[in-house]
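J.: Chains as they are written, first to last, in the numbering used here: chain A, 1 to 361; chain B, 1 to 340.
Check before you lean on any hint, since a few could be wrong.
[Claimed, not checked] Within a straight-line C-alpha distance of at most 25 Å, the following computed PhoX-like cross-link-like pairs (lysine-lysine) qualify:
1. B/K91 - A/K26
2. A/K11 - A/K26
3. B/K222 - B/K91
4. A/K11 - B/K129
5. B/K91 - B/K129
6. B/K129 - B/K297
7. B/K297 - B/K222
8. B/K222 - B/K42
9. B/K129 - B/K42
10. A/K81 - B/K91
11. A/K11 - B/K48
12. B/K242 - B/K129
[Stated by the list, open to error] Cβ-to-Cβ under 8 Å is the rule here; a few derived chain A residues that face chain B:
13. M10
14. A30
15. D37
16. L79
17. V108
18. A285
19. W302
20. E304
21. L308
22. V312
[Unchecked claim] Where chain A lies over chain B, by a calculated footprint (3+ residues, C-beta under 8 Å):
23. 33-43
24. 86-93
25. 266-279
I should point out that these hints are in silico values taken from the structure, not numbers from a laboratory. Each residue gets a CB set at the ideal place from its N, CA and C atoms; glycine is no exception.
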Amino acid sequence: KRAAVSAVRMKRPVSSLSLGSSLKGKLVRAGFQFTTDLQDLNPEHLSAEAGVSQQEALEALQAASSGHGVAPVTALELLQKEEEFRSIVTFCSQLDEALGGGVPVGKVTEICGAPGVGKTQLCLQLAVDVQVPAVFGGLGGQVLFVDTEGGFQVQRLVDLAGAAVRHCSLLAEDEEQRVAMTTFTVETILSNVFLVRCRDYVELLAELHLLADFLSNRPRLRLLVIDSVAFPFLRLHDDLSQRTRLLQGLGLRLIAAATGHNIAVVTTNHMTTRLHSSQAQLAPALGDVWGHAPSIRLLLRWEESRRLASIVKSPGHMDASVQYQITYQGFRDADQSERPPSKRPRSQTDQSASSRKNTGT
Amino acid sequence: MVALLVGMCPGLDEGLLRSLRAADIRTVEDLVSSDIEDLAQKCSVSYKALFAVRRVLLAQHTAFPVSGADLYEELLSSTAILSTGNPSLDKLLDSGLYTGEITELTGGPGSGKSQVCFGVAVHIAYHLKQSVIYIDTTGGLTAGRLLQMLQTETNNRDEQMEALQRIHTFRLFDVCALLDCLYGLSGGGGGGLHMACVGGGSVKALIVDSVSAVIAPLLGGKQNEGMSLMRQVAAALKTMAKDFSVAVLVTNHVTRSGSGEAQPGLGVSWSHVPTTRILLERVESGASGRRSATLIKSSRQACLIKEDFDLQWWSRAEGGRGGGGGGETSGKRKLDETDP
């Protein structure tokens, strides 16, 4: 009996093929229940039997004979692929440590927080950090910034880019790094950021439909930022079930883009109040439906006068809370303990002195 | 609806088939439910021949009754119980995942469903030394985390790599790809991948994380294919569980009912599919890794029993009893048994 089990082949019903529902209905009514019934038939015969056009018969036969699915990847191969790709540093070394290197490539990360806590600042910082050349430990990639709220300010990006360039030029030690610095300037950083402004959810969905083409033309793209994903959907409150479906489809598309093209997807989300056993709590907006889409969730919040970033959801890291601050130069560690993100030893004292001057900003 | 074809049974030749088609009899059901005398006259065939054909077709296509005793014998010989590696979960599941059945884990975002799936996959791959098929539709599969979990079980790098090689992963993001994959694994696609080829034929568990991510966007609204595709996936998973004697573990999202209570997603139609359902929740107080699991559907135990466990210490029972410290190089627990 054991031997017989391995020879068992399940018959695939025709209704599970990816064909139009009317075509499937006609095939089933004509008696073709399984794909094995459709084998060895020619299109003319099938179209006569089932009463469908030649074109549809051909389509049905192709669907029946193909479709084995992809080959599996063992977890070991997956591990090797993961170790190849670096993460995007945030320049806040404590947060990078908690995240195991930074925002990971190939996953969807969400940044939630109340208004004014620094979500857009972190997105702008990541847009600069993804472009750090590979010799400094970065990815040297481009970024697509989808702005739905109008919070994108070019001037702020220029400030952050300038700070990053200064930081890296101070770190440059050998010839290779000095050569890399010639291509890492404020102008090149700005030219590698592709900005798209979407005014409502239709434009956002349309933009993501075109994403696959955009990504295949730009193999250097390593980061997609959507700031914010909540804003266009918060206005859709008359048809909540449609909103749910759109969000689920959007989530799937983002995950497919992240894993298929090896890019990091970062989205931002607002906070909303949820009543939990007569207690009001702040929770990320868009509900549990959207909550399943991002793999990693960062929560930025104020606690008295400190800014805290917490990891509230992650498949690979423990929940943790770190303190950060936003200076003139961008997203940084709190206090004076600013350490450079690369593994090179700290060689500059004037660097940390100038950051202390700007802490008050 | 089974089509009438030449050679299906002796006596059903080309000529008879043509005359039956002319009388608009295309399927076995049509033939069996029509009046033989009438049909014999219309097709100008002998009554006896048609009656004989009908008898053979009925014998070929009826279901065969099996006695309860035989069924029980078969169950005893073919079912295995796979421990999940976590004593609290095993207690809820009546000592583990049963092969031939679908078990469902449901919970809100961040409640630990993927972590439990990782723990189960690592335990089966490392301790039970069987192959696992992991279908990921959420993009949350991190091989680094699997390695981390293996490192708490053993320090031997070779054993870790060997265990990782026994976990076969698929990344799919739409329901048609999922159906292609499932039927491909069962050999129904006409060649290609077959369960017997993957992992040297010793696949004992199939984990789908999560099944709701690909089905939920298709339900509701003006879409009419959603329910049908959901049923296709359910049928494929159930048949695979039974025919190949594997334990199927799926995850599902939650929706909030009117009073704010969490209930499993995908509705009432899906609730009949899994045999056992567990709801995972975060424990508000306590360490960040603590979760509570509640049994909400089971045919073997009383419902609504609750167990707490810690995601950080997978093989320990609550309170540190059981399996011993993390870092033990050989599991001294017997396979498929829980600690007393």
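J.: With reference to the structure, classify each hint as holding or not holding.
T.: Against the structure, the hints:
For the suggested pair B/K91 and A/K26, the alpha carbons sit about 49 Å apart, so the restraint of at most 25 Å is broken. With a C-alpha separation of about 19 Å, the suggested pairing of A/K11 with A/K26 holds against the 25 Å cut-off. The suggested pairing of B/K222 with B/K91 is violated, with an alpha-carbon distance near 43 Å, which exceeds 25 Å. The hinted pair formed by A/K11 and B/K129 fails the criterion: a straight-line CA distance of about 30 Å is larger than 25 Å.
With a CA separation close to 22 Å, the supplied pair B/K91 and B/K129 stays within the 25 Å bound. As the CA atoms of B/K129 and B/K297 are separated by approximately 29 Å, the hinted pair breaks the 25 Å bound. This hinted pair does not check out: B/K297 and B/K222 have alpha carbons roughly 31 Å apart, beyond 25 Å. Restraint check for B/K222 and B/K42: not satisfied, since their Cα atoms lie roughly 45 Å apart, outside the 25 Å limit.
Between the alpha carbons of B/K129 and B/K42 the distance comes to roughly 64 Å, so the proposed pair goes past 25 Å and is violated. Between A/K81 and B/K91, the direct Cα distance comes to roughly 37 Å. Violation of the 25 Å bound is thereby established for this hinted pair. About 34 Å separates the Cα atoms of A/K11 and B/K48, which puts this hinted pair outside 25 Å; it is violated. For the hint pairing B/K242 with B/K129, the CA-to-CA distance comes to about 21 Å; that is within 25 Å, so the pair holds.
At about 4 Å, the closest approach between the beta carbon of A/M10 and any beta carbon in chain B falls short of 8 Å, and the interface hint on this residue holds. Annotation: A/A30 was flagged as interfacial toward chain B, and the flag holds, the nearest CB pair being 7 Å apart, inside 8 Å. With a cut of 8 Å, the hint placing A/D37 at the interface with chain B holds, because the nearest CB-to-CB distance is about 6 Å. Hint status for A/L79: holds, given a least beta-carbon distance of 4 Å to chain B, under 8 Å.
The criterion of a C-beta within 8 Å of any C-beta in chain B is met by A/V108, whose closest approach is roughly 6 Å, and the hint holds. With a least beta-carbon distance of about 13 Å to chain B, the hint placing A/A285 at the interface is violated under the 8 Å criterion. Interface hint at A/W302: violated, since its Cβ lies 21 Å from the closest Cβ of chain B, which is beyond the 8 Å cut-off. Taken as an interface hint, A/E304 does not check out: its beta carbon lies about 22 Å from the nearest beta carbon of chain B, beyond 8 Å.
Against a cut-off of 8 Å between C-beta atoms, the interface hint on A/L308 is violated, since the closest Cβ of chain B lies about 15 Å away. This hint holds: A/V312 has a C-beta 6 Å from the nearest C-beta of chain B, less than the 8 Å allowed. Counting residues of the segment 33-43 of chain B whose beta-carbon sits less than 8 Å from any beta-carbon of chain A gives 0, not enough to reach three: the coverage restraint is violated. Here the segment 86-93 of chain B counts 0 residues with a CB under 8 Å from a CB of chain A, which misses the bar of 3, and the coverage is violated.
Here the segment 266-279 of chain B counts 0 residues with a CB under 8 Å from a CB of chain A, which misses the bar of 3, and the coverage is violated.
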